[in-house]
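Chemist: Here is how the chains run, residue by residue.
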Amino acid sequence: MIRRNSVKAIVAGGVFVASHLVSNDARAYTYSTCNGKPIRWSSSTRMVRDRCSMPNNSPSHSAYWDAGWNWWSIANVLDWKWSYDDGCVITAGNGRNETARVPRSQISGALGMTTIIKDGCPFWFSTEYIIEADIKLADDLSYYPQDESFWNWSSQASGPVAIVHEMGHAIGLNHTSSFAVMRTQAPAPLAGGNTAEPYPDDANGARFLYPGSYSVNLFASAQMIDSGIIMATDNPGTRLACRGGKLNLTYTFANNGASDVSGTGVRIFMNTGPNSYSGGWTLFSGTAVLPAGSYYTKTRTLTIPSVPPGTYWLLWKIDTGNSTSEYNEGDNAVHSAMTLLVLDCDA
Amino acid sequence: MRMRYIWSTIVGVAASIGVLVAASGQIEDKGVERDWGPRGDGLQVEDRYPPHHPLADVTSIVEATVSRVWNEYDERLGPRIYVALSDVVVHAGTSLPETTFSQLGGPLPNGNFVEVIELPKFSPGARYILFFGREASVYTPVWARLAFRVEQVANRGVVLGPDGNLVRRFDVNGVEFGARHLILAPSESAHFLAPLTFDAKAAAEDPDIAKALTPEAFVHAIKRAAQEVGAPLGEPMSLRPPQDVVWNVSRTSPQQVSREGSEVK
Numbered sequence: 001m002i003r004r005n006s007v008k009a010i011v012a013g014g015v016f017v018a019s020h021l022v023s024n025d026a027r028a029y030t031y032s033t034c035n036g037k038p039i040r041w042s043s044s045t046r047m048v049r050d051r052c053s054m055p056n057n058s059p060s061h062s063a064y065w066d067a068g069w070n071w072w073s074i075a076n077v078l079d080w081k082w083s084y085d086d087g088c089v090i091t092a093g094n095g096r097n098e099t100a101r102v103p104r105s106q107i108s109g110a111l112g113m114t115t116i117i118k119d120g121c122p123f124w125f126s127t128e129y130i131i132e133a134d135i136k137l138a139d140d141l142s143y144y145p146q147d148e149s150f151w152n153w154s155s156q157a158s159g160p161v162a163i164v165h166e167m168g169h170a171i172g173l174n175h176t177s178s179f180a181v182m183r184t185q186a187p188a189p190l191a192g193g194n195t196a197e198p199y200p201d202d203a204n205g206a207r208f209l210y211p212g213s214y215s216v217n218l219f220a221s222a223q224m225i226d227s228g229i230i231m232a233t234d235n236p237g238t239r240l241a242c243r244g245g246k247l248n249l250t251y252t253f254a255n256n257g258a259s260d261v262s263g264t265g266v267r268i269f270m271n272t273g274p275n276s277y278s279g280g281w282t283l284f285s286g287t288a289v290l291p292a293g294s295y296y297t298k299t300r301t302l303t304i305p306s307v308p309p310g311t312y313w314l315l316w317k318i319d320t321g322n323s324t325s326e327y328n329e330g331d332n333a334v335h336s337a338m339t340l341l342v343l344d345c346d347a
Numbered sequence: 001m002r003m004r005y006i007w008s009t010i011v012g013v014a015a016s017i018g019v020l021v022a023a024s025g026q027i028e029d030k031g032v033e034r035d036w037g038p039r040g041d042g043l044q045v046e047d048r049y050p051p052h053h054p055l056a057d058v059t060s061i062v063e064a065t066v067s068r069v070w071n072e073y074d075e076r077l078g079p080r081i082y083v084a085l086s087d088v089v090v091h092a093g094t095s096l097p098e099t100t101f102s103q104l105g106g107p108l109p110n111g112n113f114v115e116v117i118e119l120p121k122f123s124p125g126a127r128y129i130l131f132f133g134r135e136a137s138v139y140t141p142v143w144a145r146l147a148f149r150v151e152q153v154a155n156r157g158v159v160l161g162p163d164g165n166l167v168r169r170f171d172v173n174g175v176e177f178g179a180r181h182l183i184l185a186p187s188e189s190a191h192f193l194a195p196l197t198f199d200a201k202a203a204a205e206d207p208d209i210a211k212a213l214t215p216e217a218f219v220h221a222i223k224r225a226a227q228e229v230g231a232p233l234g235e236p237m238s239l240r241p242p243q244d245v246v247w248n249v250s251r252t253s254p255q256q257v258s259r260e261g262s263e264v265k
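Residue numbers (our numbering), protein chains in the order written: chain F, 1 to 347; chain Z, 1 to 265.
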């Protein structure tokens, strides 16, 4: 038998203590300029995938497709729905935007490298445009979707997010240190459980360069930024808990769309599986306000409901009532890196 | 009859032009197909090469002052930004065979401009700690973006990463940076060789300054990490790309795919 008080102490001591965080640096995106004017594409352009190094229906194909679709949904500039096979080569300066996997040594040990060709900025009145972008990706990365709750900064499985990052360069975004895919410091954040997609700051940058897109999307994340470092919102591992006991849980919700969202339903709950995003036992239910291109990370003290003893996953979900029509409905829920072992403390 | 001949000639020429345009389009878009996305019946397995630790190919770690930065066009290696080093101190591994290296970037002869955002930028007069691999790629000989600037803040040495963030930790798991950019890089495209200014005032007020590694601690940490990983320190190295490398065409990694559970290598 474990006494309730001692269990509570373990829970309190084991939970990552993050004070009530509401941080939003979602205007930190950067870009290059010519005479003060942003350097961008003059109109939408085609990007092609190298079928030789990223074959049809392979994980890298899937990651490329998702990355292209997400950027296209935010800024209709990079038409990614094309592939090529030119004999296993990638060529800069041929007027075609290509994405391919190459040996790591070919890109000096980087995860990815994007070569941008611009039409120059020779005069004080010039406007400079991107005329070609070629993306090389390291061939030793895994391109399988990753569970963001267990993402860590030494992971080699950053293929999907590397594609999203390099596509950001291809449309004209430079680096940032914010809670964004365009950051250089690993890891770049994932979203919605296992999705690599532009974060609000990235989306704001894309919409600044290519205004006119009014896409809407909300997502949940089990990651946060603290002192410049991206980490899991909750420490991984199993915590002991009692029914009726208190639990501190930190979670992130974001809006990388172009429209303010208010009154959207949010729910924090426990369930028996990591991907059991419906049903379960509710810990908190309410609504959220998320202006366009923003996120928030919050810590909430919750009461563990009366559930049968056992191991439970902690999950959170946004747009619970499906009241917001989003271009991506698959990134609204996520599970914590932390699980609970609920004991029968009264026995 | 004469009019009819003229029309047929015009139509014939137009058709020929159309064929030529279409043909040139096919040449330009060689092998291009519409992509309908990955099928929903499960992804195939694709080749994956063993992941390399970023330090596993480092042959040399040096500290040097950048004495000059300039650009030139090279017929084989394309637009280059050259970096000359002086006061070179070898912290680990091979001595540099020469004190100048180059990176891809800069104007093309036709007036277009090549930029590679992932490459580190160098400022004349500043001191850097640089990691080099066995040989240079067409992009740079600096390995894995490991180019760190050494600066002074209130009589204390600090180390900044390639984006100008303070380095707080360096070990085999990676590099931990501070949150703020402390090096101001010009955003103007035409100023690509302009010096990058270190913001000493912002650095002194940076909350990460107390956690920042000193250059001495940084050098100690990088040596230990390189040894732990088994980096080939001391092996032969070159700051120049191999002779068969050209700037604009390179081979991709052919992948063979198979159904789940029967990986092809």
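Just so you know, these hints were derived from the structure itself, not from any lab. Cβ coordinates follow ideal geometry from the N, Cα and C atoms, glycine included. Keep in mind that a hint or two might mislead.
[To be verified] Examples of chain Z residues toward chain F, derived with CB under 8 Å:
id: 1; residue: 29
id: 2; residue: 33
id: 3; residue: 112
id: 4; residue: 114
id: 5; residue: 151
id: 6; residue: 152
id: 7; residue: 155
id: 8; residue: 156
id: 9; residue: 190
id: 10; residue: 223
id: 11; residue: 243
id: 12; residue: 247
id: 13; residue: 249
[Stated by the list, open to error] These stretches of chain F come out as covered by chain Z in the derived footprint (C-beta under 8 Å, 3 or more residues):
id: 14; region: 46-52
id: 15; region: 89-95
id: 16; region: 118-128
id: 17; region: 204-214
id: 18; region: 223-234
id: 19; region: 238-246
id: 20; region: 319-330
[As the list claims (entries may be wrong)] Computed footprint of chain F on chain Z, listed as stretches where at least three residues anywhere in the stretch have a Cβ under 8 Å from a Cβ of chain F:
id: 21; region: 157-168
id: 22; region: 171-183
Chemist: Could you run down the list of hints and mark each one as holding or not?
Modeler: Structure-based check of each hint:
This hint holds: residue 29 of chain Z has a C-beta 7 Å from the nearest C-beta of chain F, less than the 8 Å allowed. Satisfaction of the interface hint for residue 33 of chain Z is found here, the shortest Cβ-Cβ separation to chain F being roughly 5 Å, below the 8 Å cut-off. The interface hint given for residue 112 of chain Z holds, since its Cβ lies 6 Å from the closest Cβ of chain F, which is under the 8 Å cut-off. The closest approach between the C-beta of residue 114 of chain Z and any C-beta of chain F is roughly 6 Å, which is under the 8 Å cut-off, so the hint is satisfied.
A cut of 8 Å between beta carbons decides the hint on residue 151 of chain Z: the least distance to chain F is about 17 Å, and the hint is violated. The closest approach between the C-beta of residue 152 of chain Z and any C-beta of chain F is roughly 22 Å, which is over the 8 Å cut-off, so the hint fails. The criterion of a C-beta within 8 Å of any C-beta in chain F is not met by residue 155 of chain Z, whose closest approach is roughly 25 Å, and the hint is violated. Checking residue 156 of chain Z against chain F by beta carbon gives a least distance of about 20 Å; that is not within 8 Å, so the hint is violated.
Interface hint status for residue 190 of chain Z: upheld, as the beta-carbon distance to the closest one in chain F is roughly 5 Å, under 8 Å. At a threshold of 8 Å, the smallest CB-CB gap from residue 223 of chain Z to chain F is about 18 Å, leaving the interface hint violated. Because the smallest distance between the Cβ of residue 243 of chain Z and any Cβ of chain F comes to about 15 Å, over 8 Å, the interface hint for this residue is violated. Interface hint status for residue 247 of chain Z: upheld, as the beta-carbon distance to the closest one in chain F is roughly 7 Å, under 8 Å.
Interface restraint check: residue 249 of chain Z against chain F, minimum CB-CB distance 5 Å, threshold 8 Å, status holds. Check result for the region 46-52 of chain F against chain Z: holds, 5 residues qualifying (beta carbon to beta carbon below 8 Å, three or more required). Counting residues of the region 89-95 of chain F whose beta-carbon sits less than 8 Å from any beta-carbon of chain Z gives 7, enough to reach three: the coverage restraint holds. Beta-carbon proximity to chain Z at under 8 Å applies to 6 residues in the region 118-128 of chain F; the threshold of 3 is reached and the given coverage holds.
For the region 204-214 of chain F, the assignment as covered by chain Z is violated, since 0 residues bring a beta-carbon within under 8 Å of that chain's beta-carbons and 3 are needed. Only when three residues or more bring their CB closer than 8 Å to a CB of chain Z does the claim for the region 223-234 of chain F stand; here the count is 3, and the claim holds. For the region 238-246 of chain F, the stated coverage by chain Z is violated: 0 residues have a C-beta nearer than 8 Å to a C-beta of that chain, whereas at least 3 were required. Only residues whose beta carbon comes within less than 8 Å of a beta carbon in chain Z count, and the region 319-330 of chain F has 0; fewer than three means the coverage is violated.
Coverage of the region 157-168 of chain Z by chain F holds in this model, with 4 residues showing a Cβ closer than 8 Å to a Cβ of that chain against a need of three. Given as covered by chain F, the region 171-183 of chain Z passes the check, having 9 residues with a CB less than 8 Å from a CB of that chain where 3 are the minimum.
Checked against the numbered hints given earlier, the structure breaks hints 5, 6, 7, 8, 10, 11, 17, 19, 20 and satisfies all the rest.
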